[in-house]
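Chemist: Now for the letters of each chain:
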Amino acid sequence: MSVTDIQLQEDLAHDDHHEDHHEQGFVSKYIFSTDHKTIAKQFLITGIFWALIGGGLSIIFRLQLGFPEMDLEWLRPMLGQWITTEGKLDAEFYLALVTMHGTIMVFFVLTAGLSGTFSNFLIPLQIGARDMASGFMNMLSYWFFFASSVVMFVSFFIETGPAGGGWTVYPPLSALPQAIQGSGLGMTLWLVSMALFIASSLLGGINYITTIINMRTHGMSFSRLPLTIWAFFITAILGLLSFPVLLSAALLLIFDRSFGTSFYLSEIYIAGEALPNVGGSPILYQHLFWFLGHPEVYIVILPALGITSEIIATNSRKPIFGYKAMIGSMLGIGFLSFIVWAHHMFVTGMNPFLGSVFTILTLVIAVPSAIKAFNYITTLWKGNIVFTPAMLFSIGLVSFFISGGLTGIFLGNSVLDINLHDTYFVVAHFHLVMGSASFFGLLAGVYHWFPKMFGRMMNDKLGKLHFWLSFVGIYLVFFPLHYIGIAGFPRRYYSFTSFETFNIYGDLNALVSIAAILTFAAQFIFLFNFFYSIYRGKLAPANPWKSNTLEWTTPRFPEHGNWIGAIPKVFRWPYDYSKPGAKDDFIPQTVPYSHTPESNLEHENELTKEEDLTGVEKAN
Amino acid sequence: MTGEMEAGNKVRSMHPQKFAMWLFLVSVIMVFISLSSAYIVKKAIGDWIYIDFPSLFKFTTVVIILSSVTMHYSYISAKRNNIKNIRIGLVLTAILAVVFIVGQLQAWGQLVDGGYHFVGNPASSFIYIFTGLHVVHLVGAIIFLLIVLRKAFKYQVHSKSLVRIEMCATFWHFLGGLWLYLYLFLIFNN
Numbered sequence: 091m092s093v094t095d096i097q098l099q100e101d102l103a104h105d106d107h108h109e110d111h112h113e114q115g116f117v118s119k120y121i122f123s124t125d126h127k128t129i130a131k132q133f134l135i136t137g138i139f140w141a142l143i144g145g146g147l148s149i150i151f152r153l154q155l156g157f158p159e160m161d162l163e164w165l166r167p168m169l170g171q172w173i174t175t176e177g178k179l180d181a182e183f184y185l186a187l188v189t190m191h192g193t194i195m196v197f198f199v200l201t202a203g204l205s206g207t208f209s210n211f212l213i214p215l216q217i218g219a220r221d222m223a224s225g226f227m228n229m230l231s232y233w234f235f236f237a238s239s240v241v242m243f244v245s246f247f248i249e250t251g252p253a254g255g256g257w258t259v260y261p262p263l264s265a266l267p268q269a270i271q272g273s274g275l276g277m278t279l280w281l282v283s284m285a286l287f288i289a290s291s292l293l294g295g296i297n298y299i300t301t302i303i304n305m306r307t308h309g310m311s312f313s314r315l316p317l318t319i320w321a322f323f324i325t326a327i328l329g330l331l332s333f334p335v336l337l338s339a340a341l342l343l344i345f346d347r348s349f350g351t352s353f354y355l356s357e358i359y360i361a362g363e364a365l366p367n368v369g370g371s372p373i374l375y376q377h378l379f380w381f382l383g384h385p386e387v388y389i390v391i392l393p394a395l396g397i398t399s400e401i402i403a404t405n406s407r408k409p410i411f412g413y414k415a416m417i418g419s420m421l422g423i424g425f426l427s428f429i430v431w432a433h434h435m436f437v438t439g440m441n442p443f444l445g446s447v448f449t450i451l452t453l454v455i456a457v458p459s460a461i462k463a464f465n466y467i468t469t470l471w472k473g474n475i476v477f478t479p480a481m482l483f484s485i486g487l488v489s490f491f492i493s494g495g496l497t498g499i500f501l502g503n504s505v506l507d508i509n510l511h512d513t514y515f516v517v518a519h520f521h522l523v524m525g526s527a528s529f530f531g532l533l534a535g536v537y538h539w540f541p542k543m544f545g546r547m548m549n550d551k552l553g554k555l556h557f558w559l560s561f562v563g564i565y566l567v568f569f570p571l572h573y574i575g576i577a578g579f580p581r582r583y584y585s586f587t588s589f590e591t592f593n594i595y596g597d598l599n600a601l602v603s604i605a606a607i608l609t610f611a612a613q614f615i616f617l618f619n620f621f622y623s624i625y626r627g628k629l630a631p632a633n634p635w636k637s638n639t640l641e642w643t644t645p646r647f648p649e650h651g652n653w654i655g656a657i658p659k660v661f662r663w664p665y666d667y668s669k670p671g672a673k674d675d676f677i678p679q680t681v682p683y684s685h686t687p688e689s690n691l692e693h694e695n696e697l698t699k700e701e702d703l704t705g706v707e708k709a710n
Numbered sequence: 004m005t006g007e008m009e010a011g012n013k014v015r016s017m018h019p020q021k022f023a024m025w026l027f028l029v030s031v032i033m034v035f036i037s038l039s040s041a042y043i044v045k046k047a048i049g050d051w052i053y054i055d056f057p058s059l060f061k062f063t064t065v066v067i068i069l070s071s072v073t074m075h076y077s078y079i080s081a082k083r084n085n086i087k088n089i090r091i092g093l094v095l096t097a098i099l100a101v102v103f104i105v106g107q108l109q110a111w112g113q114l115v116d117g118g119y120h121f122v123g124n125p126a127s128s129f130i131y132i133f134t135g136l137h138v139v140h141l142v143g144a145i146i147f148l149l150i151v152l153r154k155a156f157k158y159q160v161h162s163k164s165l166v167r168i169e170m171c172a173t174f175w176h177f178l179g180g181l182w183l184y185l186y187l188f189l190i191f192n193n
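Protein chains in written order, with the working numbering: chain P, 91 to 710; chain C, 4 to 193.
Do not rely on the hints blindly, as some may be mistaken.
[Claimed, not checked] Okay, the calculated beta carbon distance ranges per label pair:
#1 P:T591 / C:L28: 52 to 58 Å
#2 P:N633 / C:F147: 43 to 49 Å
#3 C:I79 / P:S118: 39 to 45 Å
#4 C:L28 / P:L629: 44 to 50 Å
#5 P:V454 / C:A47: 25 to 31 Å
#6 C:R83 / P:G705: 37 to 43 Å
#7 P:L421 / C:Y53: 40 to 46 Å
#8 P:A415 / C:S40: 30 to 36 Å
#9 P:A415 / C:V44: 33 to 39 Å
#10 P:T258 / C:K46: 22 to 28 Å
#11 P:E688 / C:I79: 58 to 64 Å
#12 C:V94 / P:T704: 47 to 53 Å
Read the hints as simulated data drawn from the structure, not as lab findings. C-beta: ideal position from N, C-alpha, C; glycine also.
Could you build all of it, start to finish, from the sequences and the hints given here?
Modeler: Structure representation (structure tokens):
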């Protein structure tokens with residue numbers, strides 16, 4: 091009955107053994123790294139790469155929409171046979187462009203690029219952990235994403251082109267390779283890529299949730315978590331519950347495409363010939379897809395809202411207004427996101443009674459969303475606002491969130507949606523509320539945490555220029571689309587001019603396209619600023635924004651393990667800005683109440699008795 | 004060092020890897036919930052056929068329940084530091100799992116003999132999807148089991164090092180339960 095006792099240290103071996111640091115090689119430090127900070131940067135750089143591709147694609151189809159007569163021969167070196175002999179964009183390639191633009195932006199940029207970057211970067215730093223619960227799984231998560239990216243990228247270079255059935259890849263179009271070119275090999279690669287992407291998201295999400303629940307530092311209770319972490323936490327839960335459903339939907343689609351099953355197919359004629367498939371239902375796919383698809387839009391926007399909460403509170407020098415209401419509304423949005431999916435399907439011939447149920451549930455989301463919007467505005471109200479680029483982008487996010495959210499109330503009504511469904515009104519709505527808002531959250535996050543990521547500052551003036559050009563540009567792009575949409579023009583159509591009714595919108599479309607090109611060009615200011623500052627930016631001070639959260643207590647260039655010596659303890663919530671009586675306008679989370687008798691409230695004085703001050707240095 | 008001794012170091016909350024394991028199970032549950040609801044929705048739409056289930060499903064059900072018993076036996080042995088019985092339990096479990104998988108494949112043969120093909124009415128396609136996905140997960144569990152078995156042969160599974168075998172057992176019982184659920188679900192919704 092004797093046992094060799096060799097594995098006693100198996101559990102929670104992440105504490106306090108980082109002093110004996112050995113130099114890592116290049117590969118384990120920058121490529122196959124298990125350090126959450128490096129993985130975050132990998133996600134960010136890959137996300138930027140995809141954002142450029144996704145944005146570039148949109149410019150190509152905006153050229154077609156804004157200037158249908160234009161000779162696109164000059165694009166031939168890049169697009170080859172996709173430019174027809176008349177110098178026009180190939181009509182089927184147009185479909186592939188919009189499909190890939192949607193897929194890339196929703197999944198690769200605003201899910202992986204946003205959650206992947208900031209959940210990885212901020213969770214351990216803001217909750218006080220050395221690294222993620224499993225660094226290996228985290229590394230795997232990035233490399234699954236990388237593999238998924240490679241497959242998706244490869245699909246651009248095959249003869250039949252990338253997937254072309256829209257980013258939602260509805261069957262039967264996507265299920266039948268003989269339907270369009272974009273349903274051939276490109277579609278198969280799309281499905282493979284998404285399967286890898288789902289694996290990446292699940293690995294990442296499981297890690298985020300585990301880390302937040304299990305690895306918070308001493309004193310970091312859930313009621314002291316920064317709102318960023320709350321947002322990432324809820325986002326990860328949404329992903330954990332919804333991505334497996336997309337996997338199921340994709341799996342059945344793969345079998346329909348490649349093995350001849352009939353889950354989504356029934357009684358179809360192609361070129362006068364009947365297909366053997368019987369008994370399937372394409373609506374089934376839509377149910378499965380949107381059960382993911384709707385939570386997915388919150389997976390995209392919630393991290394941006396979390397980042398914004400943090401930045402607006404810091405730069406207004408005020409506590410966030412309604413901390414608990416913010417958490418409650420995020421939980422509310424998260425819960426509701428699972429029971430509104432059918433509002434994407436009002437025109438599938440659904441029972442009108444069911445339609446009104448989903449209408450009501452959808453409109454209820456306006457309540458938590460409005461709470462968040464009001465809380466941002468009331469946080470800004472009478473604050474000592476510091477207009478950093480991050481702050482400007484956060485305020486821009488709030489603006490997009492409101493103006494795009496209002497049109498959501500139109501579209502959530504089944505009666506109105508029957509008219510507006512699949513028009514440019516929908517395009518305008520989700521590009522503002524989800525696309526641009528989330529994109530601004532991403533940019534705000536980069537500007538705000540760049541000093542922590544790279545130890546240097548980004549250029550402030552270029553940041554502000556980038557903001558104003560993007561902000562004005564985005565409104566110029568998407569506001570006119572509302573009119574085109576109300577006029578009834580359907581999305582994903584190759585040409586406006588072939589319909590007499592829509593000819594009058596030619597000028598408006600040209601304006602939109604010019605604005606889109608300018609907005610896209612403005613992003614290169616950011617790119618220059620970003621890469622230049624990584625190497626040549628001014629060295630960052632320890633706490634450049636005078637912020638309260640834990641990440642600013644780490645060294646300028648944190649090593650793997652984040653803190654030298656013990657992990658700091660946490661004694662208060664992260665929003666003690668401009669507290670009456672305090673000598674500074676911010677009190678970091680690491681300062682105990684017993685060190686700040688001058689600013690303590692009554693119940694906080696009570697708390698001083700329970701504080702465990704071992705290892706805490708007195709300031710001054 | 005008897006089996007009753009507990010490790011001295013207190014864990015404040017659940018072990019992170021175990022917790023991650025549970026989260027993984029949640030995502031597996033979501034896959035099967037979504038497929039179940041797809042099944043129900045599809046059935047409600049109509050154009051549905053009645054399936055005669057293979058008799059072998061009854062046999063494989065018994066096998067997978069037995070494998071859970073041997074898995075648990077192995078876990079108990081680990082708690083009591085009975086190294087030999089850990090190995091016996093794990094090997095038995097692995098054998099039963101292989102028997103189960105072979106049984107499921109034979110059951111597919113029975114289905115085909117009954118005229119219920121993978122390609123055809125979704126009613127029969129779904130059965131292949133359910134059983135196939137379950138077997139895929141079980142293969143994953145067997146790989147996990149073999150890793151634990153290797154550790155057991157290196158004397159690395161004992162009362163102070165239970166995390167791996169606990170996680171393995173959790174996954175194993177989960178897959179047993181999942182099969183029972185799928186079988187009953189198919190019977191009641193045929």
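Chemist: May I ask which of the numbered hints given earlier this structure violates, with the numbers listed in increasing order?
Modeler: Nothing - there is no hint that the structure violates, so all of them hold.
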